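Sequential numbering of the sequence shown, starting at 132, is according to my numbering.
These aren't lab readings, by the way, just hints derived from the structure by calculation. Fair warning: there could be bad hints in the mix.
[Stated by the list, open to error] So the derived label-pair ranges between C-beta atoms look like this: (1) K368 / E255: 34 to 44 Å; (2) V791 / V251: 29 to 39 Å; (3) K739 / E488: 47 to 57 Å; (4) R648 / T262: 28 to 38 Å; (5) V783 / E419: 43 to 53 Å; (6) K645 / V791: 34 to 44 Å.
[What the hints assert, rightly or not] Listed below are the simulated DSS-like cross-link pairs for lysine-lysine, each with C-alpha atoms no more than 27 Å apart in a straight line: (7) K347 / K205; (8) K617 / K634; (9) K740 / K753; (10) K647 / K610; (11) K753 / K664; (12) K634 / K723; (13) K723 / K710; (14) K664 / K610; (15) K723 / K664; (16) K610 / K634; (17) K741 / K723; (18) K233 / K492; (19) K272 / K368; (20) K551 / K664; (21) K347 / K520; (22) K740 / K664; (23) K610 / K645; (24) K753 / K719; (25) K520 / K492; (26) K368 / K332; (27) K520 / K344; (28) K272 / K344; (29) K368 / K205; (30) K753 / K723; (31) K710 / K664; (32) K492 / K551; (33) K719 / K739; (34) K551 / K634; (35) K710 / K753; (36) K723 / K740; (37) K664 / K341; (38) K735 / K713; (39) K332 / K347; (40) K617 / K368.
Small disclaimer: the values here were computed from a predicted structure and weren't measured. For glycine and all other residues, C-beta sits at the position ideal for the given N, C-alpha and C.
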Amino acid sequence: MKSAYDGGGKRKRVRKEFYGQIEGVVRGSSFYATIQNLGLGGMCFEVHYPFRSGLDLSLMFKVFDSQQESTEVKAEVVWVQPLQMLFYRVGVIFTDLSPEAKRIIEAYISGLEIEADEKVTGAERYPLLFTPYRVSNLTFKNRLTMAPMFWGYANEDGSVSQTLIDCYREIALGGVAMIVVANAVVDRSSIMASRVLRVDKDRFIPGLAKLAKVIKTSGAVACLQINHAGRWAKVNKPLSPSPVTMQVPHELSKLDGIGMALSDSYHRRLVNSFVFALLRCRHSMTLEQMRYVQTCYGEAALRARKAGFDMVELHGATGYLLAQFLSPRLNTRSDGYGGSLENRMRFPLEVVETVREFAGKDFPMGYRFLADEWLAGGLHIREAKIFAKNLEELGIAYISVTAGSHESFFLPHVMNQARKEAYVAGLAAEMREVVSSTPVIATGRIVRPALAEEILRDNKADLIGLARVLFADPLWPNKVFEGREKDIHFCRCCNECVLCVIKDEPVMCSRWNKFKRANIDIQLKQKRRKWEKVLIAMDDSEGSLEAVEYAGHMIGREQRVTLFSVLDIEHGIEAAEKKREKLLAQAKGHLKRTGMNESDIQIKIARKKKGVAEDILEEVNKGEYGSIILGKGSASRTRQLLFSSSISNYIVQHARACGVWVID
Numbered sequence: 132m133k134s135a136y137d138g139g140g141k142r143k144r145v146r147k148e149f150y151g152q153i154e155g156v157v158r159g160s161s162f163y164a165t166i167q168n169l170g171l172g173g174m175c176f177e178v179h180y181p182f183r184s185g186l187d188l189s190l191m192f193k194v195f196d197s198q199q200e201s202t203e204v205k206a207e208v209v210w211v212q213p214l215q216m217l218f219y220r221v222g223v224i225f226t227d228l229s230p231e232a233k234r235i236i237e238a239y240i241s242g243l244e245i246e247a248d249e250k251v252t253g254a255e256r257y258p259l260l261f262t263p264y265r266v267s268n269l270t271f272k273n274r275l276t277m278a279p280m281f282w283g284y285a286n287e288d289g290s291v292s293q294t295l296i297d298c299y300r301e302i303a304l305g306g307v308a309m310i311v312v313a314n315a316v317v318d319r320s321s322i323m324a325s326r327v328l329r330v331d332k333d334r335f336i337p338g339l340a341k342l343a344k345v346i347k348t349s350g351a352v353a354c355l356q357i358n359h360a361g362r363w364a365k366v367n368k369p370l371s372p373s374p375v376t377m378q379v380p381h382e383l384s385k386l387d388g389i390g391m392a393l394s395d396s397y398h399r400r401l402v403n404s405f406v407f408a409l410l411r412c413r414h415s416m417t418l419e420q421m422r423y424v425q426t427c428y429g430e431a432a433l434r435a436r437k438a439g440f441d442m443v444e445l446h447g448a449t450g451y452l453l454a455q456f457l458s459p460r461l462n463t464r465s466d467g468y469g470g471s472l473e474n475r476m477r478f479p480l481e482v483v484e485t486v487r488e489f490a491g492k493d494f495p496m497g498y499r500f501l502a503d504e505w506l507a508g509g510l511h512i513r514e515a516k517i518f519a520k521n522l523e524e525l526g527i528a529y530i531s532v533t534a535g536s537h538e539s540f541f542l543p544h545v546m547n548q549a550r551k552e553a554y555v556a557g558l559a560a561e562m563r564e565v566v567s568s569t570p571v572i573a574t575g576r577i578v579r580p581a582l583a584e585e586i587l588r589d590n591k592a593d594l595i596g597l598a599r600v601l602f603a604d605p606l607w608p609n610k611v612f613e614g615r616e617k618d619i620h621f622c623r624c625c626n627e628c629v630l631c632v633i634k635d636e637p638v639m640c641s642r643w644n645k646f647k648r649a650n651i652d653i654q655l656k657q658k659r660r661k662w663e664k665v666l667i668a669m670d671d672s673e674g675s676l677e678a679v680e681y682a683g684h685m686i687g688r689e690q691r692v693t694l695f696s697v698l699d700i701e702h703g704i705e706a707a708e709k710k711r712e713k714l715l716a717q718a719k720g721h722l723k724r725t726g727m728n729e730s731d732i733q734i735k736i737a738r739k740k741k742g743v744a745e746d747i748l749e750e751v752n753k754g755e756y757g758s759i760i761l762g763k764g765s766a767s768r769t770r771q772l773l774f775s776s777s778i779s780n781y782i783v784q785h786a787r788a789c790g791v792w793v794i795d
């Protein structure tokens, strides 16, 4: 170990925060774990693999600093504690520690005493990371980008919230060159989670413009990722390239990896959502629907440009619609859009061309690229390379490489793979061999700056994509640049953020201090307060059911909802009432499928007294509702249209002490 002294001769100790990991083998299966605490006699680490006490382990112990050191050790499991996360906490004692192993562990515990050379900056230590780089017609100030990461911070109607603006401002000020704002849906049929960002209507442009301006004025290039979820959308009739014909028990087995992570209630909801996603996709997309979705992509990109974003990114990964068309496992069409790779990649390539047509050839477009599904019968690297070459020929601005899908992420071997550092870098390197003139972004647990520099130096990628790393510490780029790596709050891969997404809750990070967590929690609770008691006004139209379906995703779970309908009929009232009850029961089913509890949903039908709008407001005041939700412009057969502009306008003008949401 080195000792450093300041100018006065006093010893100056610089304590580093190390990032430690364990590789091991148990019962013939390998595992990969993130170390949390260590001691000379033992250590504690977290891993998804189910251990038992008394088990003998063969471990490869690694400590990462500017250089990587490792040693092999033997250990015995002394206790196992299941956590409400995606892992177990495992305590072990070492059975045979060599002097070298002791030295490494001591170094971890005490912190290496390194020479404090304050003249060496990150720019000198990592010259490639902080070199400007040209992407299309844009110049990135360095080679660090923020890869897309869904947070669930948008407003309930899909518009940009102040929370979203504040968080992206903090990351932009942290020194990253480009920020990809994640998962803005191109159509209402694409909503896959609560509080997802929307870019499918012009009314969202002002909020998006504020977000783009904040990112750009804070020093980063602003990119908006646009997406259609396809069969994973939480709508009644999701769009899918082909009908889903998979065996449900086989598909449900893929959820075993997260069974221990959730309470029984959440696990049941997850299973239900998964089953509904499978069972609702009973038809192939028609050519008309495909043209419609392509137009949605084009219009969304144009809105992004109008809002001031520098570029867009097409989400072609993690099992969403563009990836579904590419997958031979999911796309079994017999027309010109299925079968051969040439046919399967036709739809996403046409989307690229449509975006170019709408937004302009001078508007850069990146692609979130699926290199491998990691599923039998799925898309693999050989076909992915061919697709990448086709994207390059269309002039794509960059390829951001990732791997895996919603159906493979929680398979044990994939979870093990995803715990490794830079687990996608090898795939990125293979893509870079194919696309010589298109920048490639490497993503996937690139935690340490030394590793990021190494990836660039070895020509595995042109740019580095950081997601959870920047979520844990937005100042990571500036701290590295200034030579303050010891101050970085490294992502631990604890998966708290992943668990939040699974539970359809706003994402938090275990590395944040209590003040930041509390601040965001307060902001989000303030947004949710108006949903504590909600009245959804319905007539007898199909549009009314569509409004209910969308409202279910706006409201979220654990809220009380009343489905309320006013009968505006003079004759045949009993028959009309039975028909309306049937419609409201169908609407209740929609809400249950979004995860709401049946006990929280009430059905109420009233006969008209003063007028439809007046009767709705009377019910709202009497029941002390926090919000009213209704549709607009649907074709009802009743004489006074509940969802007509006159009714909705009246309610907006006369509602007091509650929010009014008009679904268009």
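A quick look at each hint next to the structure:
Evaluation of the 34 to 44 Å hint for K368 and E255 yields a failure: the beta carbon distance comes to about 57 Å. Checking the proposed 29 to 39 Å range against V791 and V251 shows it is violated: the Cβ atoms sit about 59 Å from each other. Distance hint check: the CB atoms of K739 and E488 are about 50 Å apart, consistent with the given range 47 to 57 Å. Separation of R648 from T262 is about 35 Å and conforms to the stated range, judged on CB atoms against 28 to 38 Å.
Separation of V783 from E419 is about 34 Å and departs from the stated range, judged on CB atoms against 43 to 53 Å. One distance hint, 34 to 44 Å for the beta-carbon pair K645 and V791, holds here, with the actual separation near 36 Å. Taken as a hint, the K347 and K205 pair is broken in the structure, with Cα atoms around 52 Å apart against an allowance of 27 Å. For the hint pairing K617 with K634, the CA-to-CA distance comes to about 33 Å; that exceeds 27 Å, so the pair is violated.
About 15 Å separates the Cα atoms of K740 and K753, which keeps this hinted pair within 27 Å; it holds. Restraint check: the Cα-Cα separation between K647 and K610 comes to about 19 Å, which is no more than 27 Å; the hinted pair holds. Distance hint between K753 and K664 is fulfilled; the C-alpha atoms sit about 12 Å from each other, no more than 27 Å. A distance of roughly 15 Å separates the Cα atoms of K634 and K723; the hinted pair therefore holds under the 27 Å criterion.
Simply put, K723 and K710 have alpha-carbon atoms about 20 Å apart, close enough for the 27 Å limit, and the pair holds. Simply put, K664 and K610 have alpha-carbon atoms about 45 Å apart, too far for the 27 Å limit, and the pair is violated. Between K723 and K664 the alpha-carbon distance is near 16 Å, which keeps this suggested pair within the 27 Å criterion. Simply put, K610 and K634 have alpha-carbon atoms about 33 Å apart, too far for the 27 Å limit, and the pair is violated.
The straight-line distance between the Cα atoms of K741 and K723 is roughly 32 Å, outside the 27 Å bound, and the hint therefore fails. A C-alpha spacing of about 60 Å is found between K233 and K492, which places the hinted pair above 27 Å, so the restraint is violated. With a CA separation close to 44 Å, the supplied pair K272 and K368 exceeds the 27 Å bound. A threshold of 27 Å between alpha carbons decides the hint, and for K551 with K664 the separation of about 45 Å lies outside it, so the pair is violated.
Taking the CA atoms of K347 and K520, the gap is near 31 Å; set against the 27 Å cutoff, the hint is violated. As the CA atoms of K740 and K664 are separated by approximately 24 Å, the hinted pair is consistent with the 27 Å bound. With a C-alpha separation of about 21 Å, the suggested pair K610 and K645 falls inside the 27 Å cut-off, and the hint holds. Only pairs whose Cα atoms come within 27 Å are accepted, and K753 paired with K719 is accepted, the gap being roughly 22 Å.
For the suggested pair K520 and K492, the alpha carbons sit about 19 Å apart, so the restraint of at most 27 Å is met. Distance check on the hinted pair: K368 and K332 sit about 21 Å apart at the alpha-carbon level, within 27 Å; holds. Only pairs whose Cα atoms come within 27 Å are accepted, and K520 paired with K344 is rejected, the gap being roughly 33 Å. Between K272 and K344 the CA atoms are separated by roughly 17 Å; this keeps the pair inside 27 Å, and the hint holds.
Only pairs whose Cα atoms come within 27 Å are accepted, and K368 paired with K205 is rejected, the gap being roughly 54 Å. Distance restraint check for K753 and K723: the Cα-Cα separation of roughly 25 Å lies within the 27 Å cut-off, and the hinted pair is therefore satisfied. Our distance criterion of 27 Å between C-alpha atoms is met by K710 and K664, whose separation comes to about 26 Å. A C-alpha spacing of about 39 Å is found between K492 and K551, which places the hinted pair above 27 Å, so the restraint is violated.
Note on K719 and K739: the hinted pairing holds, with a Cα-Cα distance of about 22 Å set against a maximum of 27 Å. Our distance criterion of 27 Å between C-alpha atoms is met by K551 and K634, whose separation comes to about 24 Å. Between K710 and K753 the alpha-carbon distance is near 26 Å, which keeps this suggested pair within the 27 Å criterion. Simply put, K723 and K740 have alpha-carbon atoms about 31 Å apart, too far for the 27 Å limit, and the pair is violated.
At most 27 Å may separate the alpha-carbon atoms for a hinted pair to count; K664 and K341 exceed this at roughly 31 Å. Distance hint between K735 and K713 is fulfilled; the C-alpha atoms sit about 12 Å from each other, no more than 27 Å. Proximity of K332 to K347 is assessed by CA-CA distance (about 23 Å); at most 27 Å being required, the pair is judged to hold. Under the criterion of a C-alpha separation no larger than 27 Å, the hint pairing K617 with K368 is inconsistent with the structure, at around 51 Å.
Figure legend: structure checked against the earlier numbered hints; hints not met, in rising order: 1, 2, 5, 7, 8, 14, 16, 17, 18, 19, 20, 21, 27, 29, 32, 36, 37 and 40.
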